[in-house]
Structures are given as structure tokens and as C-alpha cells.
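Residue numbers (the working numbering), protein chains in the order written: chain A, 1 to 293; chain B, 1001 to 1342.
Everything labelled a hint here was simulated from the structure, so no lab data went into it. These numbers were taken from a predicted model, which means no experiment stands behind them. Mixed in with the good hints, there may be bad ones.
Claimed, not checked - With a straight-line Cα cutoff of 35 Å, these simulated DSBU-like cross-link-like pairs (lysine-lysine) come out:
#  : chain 1 : residue 1 : chain 2 : residue 2
1  : B       : 1252      : B       : 1094
2  : B       : 1074      : B       : 1116
3  : A       : 117       : B       : 1252
4  : B       : 1336      : A       : 13
5  : B       : 1004      : B       : 1252
6  : A       : 182       : A       : 117
7  : B       : 1252      : B       : 1339
8  : B       : 1004      : A       : 117
9  : A       : 117       : B       : 1339
10 : B       : 1065      : B       : 1046
11 : B       : 1042      : B       : 1004
12 : B       : 1070      : B       : 1004
13 : A       : 13        : B       : 1252
14 : B       : 1116      : A       : 182
15 : A       : 178       : B       : 1004
16 : B       : 1094      : B       : 1074
17 : B       : 1065      : A       : 178
18 : B       : 1149      : B       : 1116
19 : B       : 1336      : B       : 1252
20 : B       : 1042      : B       : 1065
21 : A       : 87        : A       : 67
22 : A       : 67        : A       : 84
23 : B       : 1074      : B       : 1093
24 : B       : 1046      : A       : 178
25 : A       : 178       : B       : 1045
26 : A       : 178       : A       : 117
27 : A       : 182       : B       : 1070
28 : B       : 1339      : B       : 1070
29 : B       : 1252      : A       : 8
30 : B       : 1252      : B       : 1149
31 : B       : 1149      : A       : 8
32 : B       : 1116      : A       : 178
33 : B       : 1046      : B       : 1093
34 : B       : 1004      : B       : 1045
35 : B       : 1070      : B       : 1045
36 : B       : 1094      : B       : 1116
37 : B       : 1046      : B       : 1004
38 : A       : 182       : B       : 1004
39 : B       : 1045      : B       : 1065
40 : B       : 1093      : B       : 1116
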Amino acid sequence: MDYGLDTKSTRLKTFNTIFIITWLLIACFPFIWTFWGSFKVRADFFSRSDWWYAISAFNTLIETGGKFTTNAYTQAWTEGEFWKASKNTIIVTVFVVSISLFLGTLGAYALSRSTEKYAFWILMAALIFRAMPHITLVSGYLFPFFELQIWGILPTTIVVLVAINQPFTLWLLYSFFKTVPKELDESALIDGCSYFQAFRHIIMPVMWPGVITAGLFSLMLAYNDFTVTALLLNQENHTMVPKIQSYLGTNQHEGNLMWAVSAVVSATAPLFMLVMFFQRQVISGLTAGAVKG
Amino acid sequence: MPNKTFFWFFLPTGLAMILFIGLPIISTGIQSFYAQHDQVVKEVKKCDPFGCTVSIVVDNEETSKIREAKPLGKFNGFGTYTDRNHLAVDEIKKFWNETESFSAFVDQVTNLPFYKALIFTLTYCLFVTPNVLLLGFIIALSLNAVARKIRGPLIFGTILPMIVTPLVGSLVLFWMIDSQGIIGANIQNLMNDPYLSLKSSKTLTWITIIIYGIWHHSPFAFVVFYAALQTVPQEPVEAAIIDGASRFQRIKHIVLPHIYPVVTFVALISLMDNFRVFEPIIGFSAEGSAQSLSWLIYDNLVNEEVILFGSAAATSMMTIIGIAILLAPVLIRTWKEFKTAR
């Protein structure tokens, strides 16, 4: 805590610095290492003889003639059809985010402006729904989806992800809408606006920070999901995360494990970039539910 | 807001949640009372010059006919719940009667798939949740003492483990800890044991997954605690400094009481998330020695021959009951607050 009165001893400061550096190393090094290793051949990154090969690139030099190779990337993206997986991920993410926000803003606005008892119970129900493990829901979907023959296609998965995402989006946007003063839309109503017009023209324009935060979380859910996409999509429609898992399963091919490594880097990089750009929104979203109560 | 307007505003999201969260839970409940059909067998009499033999073969045609007529399977009541792969009522009775000491009985019971998974899930929750709270709090305190200018990048670095999906996070760690990875190889050298590896011991696997859990969830606790620390009022802290309170005393008597509601929130969320641990088991390929409830469901659903809907549904229902037990104290408290507020 940065108080004028609070004087810290040098020992405490040193200890603090060491602690933070250690923690950051633990938090970040695995990603840096994987990024570094993705440019090596398998015999170096997963070396049976000497782990130092991953740094000296002993086998990479022999096999490719250079210290770094992008073979794993080119193979995974072409032969491994990772391009298809990323295309599917983009489709799923775009639709999930836009539909989630559309449904979520309407619902959360209604909840935040309602004084009735049922609004409270709906929020409680949403909390319970939020706690449901996704895999239990998936075990409920599979059979009906097989029967209705809508299993394996992208639209089904998009709708399911939107629904799974709603409880969290509702809570998040609800806490944001609560911070917008009621008088704002009430004055619009007096001026003769309908509720929808007030929502559309008065409230939404001041809600952008909240909407961006909610959008980011929907995006992260859709982008990162494994349980739903792995079980509800067929091979052809797999998104990135289940695709990475499928590279692990087939170990006969020499290159496959390196495909997984390069795929992990390819999938993680955009996410990190996004979070770096929107760090403030991510943090405000995580704390919205907690700090405001 | 009038009820009618509320209804139209809430309809889309409400419909989505009822159709894809409410109904699936009911569907899971119904499925858990059914089991897949047995294969229809028929006797085939084969005669050759040396005599006749009767053999039993699977009648594929009949089997698929029955499956088509009743795709849900045959009604099994609570049969799936009590079978060997779930609550294993008969087996437990048998063990109780047959084993001599209590520890032998416990040993037998914990080898049953459901109890094995339950114990792993609870152990994981029990170790990860408190450590996440502790580590998250320490990081928040520590980062809060750093100069404001460099906090941004430090926070970014801190939250990285949280924003990657658990499968990717566990893979990234697994590739380092594996016997052919950087940490695994160095530990082998250090211990002078070339056969030491993650997969060789159950305890090591459990410890690794728990460490992964702490690594993955601490940033969330950190972010929330960090934000809460910004709201701690300055005056009482300054007064405490003047009164000569030590740093530890200040944290214990002023900071912690102030952020207490947030601590319960983080504990609850992280307990809920930890209870559904599943992806790290796949990432660490630890199926052999660590199985969680969610993993059992997944395993039933990706079964090669025939998807075990009934079995998966029964485990799901019991997981939901587990979640309900975890959530009950919070719901009861909120309800009481709501009642007194009225």
C-alpha cells in the first residue's frame, strides 16, 4: 500500500521484488518456452538425450539446416488442417459474441429496471445455472441432438454456447446497468419514448464499456471452449481447441506432437494480443460482480 | 418496469436458458433412468456330418431393431445409480462383510470408479481452493506495493495463466514437466533417477495437477483481491500506523475485514470451478491415475462402441447434487438476506 506514512524497510522491498519476479517467471515462462520450442524439431523440444538440445537446436540444425524452423507451423496449418479449425473458431466466436450481447443486454436491462420479486429469483436461477458443469449439460444434449439430427454442425454449437454463456453475461451486464442512473431512462419515458426506444437511444450509448467487457468474456468462452465443441461437433467442424487435442491422440506421426505445440502457440497468440489491448476491460469485468457486491 | 415489457425484454435470453440449460438437466435426469439395450442373442444350430453344435451369436438385426424402436434404451430405474460404476451398493455391502479391517474396506471402496473420482475431485478442491486464495492475496498485496507506472505490464503477465483455456495451460506445463521436457529432465538429473517421471507415480500426478490448478486459478483471485485492495479506506490504516501496528497486524485487522465479502465470493467461484476439474486430466494425459467426476462423464460420452448415455447421465445427476450441496449455504444466506430486506 502506497501511503505517505508507510515506510518500507529495504529488506521488505527486496523481498517483494524477488517474490514478484519469481511469480512472473512461474506465470509467463511456460508460454515463452513453448513459443521458443515451437520453432524446433521434435527431437530437440522433446529430447530423450539432453534437454539442452532445445536451446542449442542440435537436431534442428541437422534436420533443417537452420537453428529455427517453421515446419511445424506450415504442416499443422496445411496438412493438419488447422486453417479449417481456425475458420470454424472465427465463425463460432463471431456469432456467439454478437448473439450473446444482443440477448444479454436486453435481458440484463430488464432485470436491472424491474422492481419485482421475480427479478431476484431469475438472478439466483442464473447463478445456479452458472455453476452447472458444462459436461453435465452436454450429456443432456447429446441424445436429443442425435435424435433431432442436429448434432455435429456449427449452428447447434453456437446456440448452445450462447445459452451456456447467458448466466454470466446477465450478471455482468446487470451490474453495469445498475450503475446507469434510472433517471436517465425515466426522463426519456416521460418524453414519450417506449422502453425499447429508451434502451436503444439513451441507455446503450452510455453502456459501451460494459458491453465491450461482456463481449470480451463471451469471446473468451467461445474461443476457449473444449467440452462443448469437442463433443458436439464432428471432426470436420472442430474448432481450434479440440483440434489441438486430436493432434495429441495420434502419436504415430513424428510431426504430430510438434503440430500440437505450434497449434497451441497459434491459438494463444491472438488471445494474448486481445487481452493486452483490452486489459482494463477484462479486469473491470472480473471485479464487477465482486466489488460492487 | 411493467410486467409485460419485462417479459418481452427477457424472453430471448430466458428462452435460451430454459431450452439449453433447464431442459438438458431434465433430459439428463430422464436419461439416467435408462440403460442401453442388451444385445439380442439367438441360438444357431449348425449341423455337419459329425453332428450338430449349438452356438450363441449376436443377432445384429434384432438388436438394431430394438435400438431403433426405443432409442433411449431400456428402463432401468435406479439400477444405473446403484451399479458397480456408480454408487456400487452391492459391492460396498460385500466389502463390508468380507474385509477384516476398516482400512482394508476403505481401500476396496476407493478403488471403485465413482468413489475414486469423487475422492480425486474433493482432494483437488480441498488443496487448490485455499492455496488459490492465499497465493492470489499475496500477489495482490505484493503488486500493490510496486510503483504505479510498471503495474500494467506486471498485471498482464500475472493474468496470462488464467486467460488460456485449461487444456492449453495444462499442455504447456505438461510439455515442460514431462520426462523429456526441461523441468522433468532436470529433476531426473537432480534426483539421479532416470526413470522418475510424472506418469510413474499416482502421488506425483496428483501433485502436478493440483499445482497446475493453483497456477491456473490464482490470477483470478489476484485480480479480484487487487481491485478490492484499491477500495480499502486510507484513514484507519494511517491511524493504525501511528498507533504502531505492524504490517501483519494492519493486514489482519483492517485490510482482511474490509475485503472479507470478496474473499467469500472468490472462494465460492473457485470452488465451483474446481469441482468441475476435467481438462487438465486430458492435458496431462493422467487418466490412468487421476480421474474426476467430469472426466468419468466425458469418458462415457466418448465411448467407442456405444455411447453410455445412462451411465453418463447418472454421474451427471450426482455431480449436480454435489454442486447443489456446495451452493446450498450461499443460497440459504442470500434468501435470508432477501427476506429480511423486504
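### Query
Any hints this thing doesn't respect? Which numbers, in order?
Per hint list: 1, 3, 4, 5, 11, 12, 14, 17, 18, 24, 25, 27, 28, 32, 33, 34 and 37 violated.
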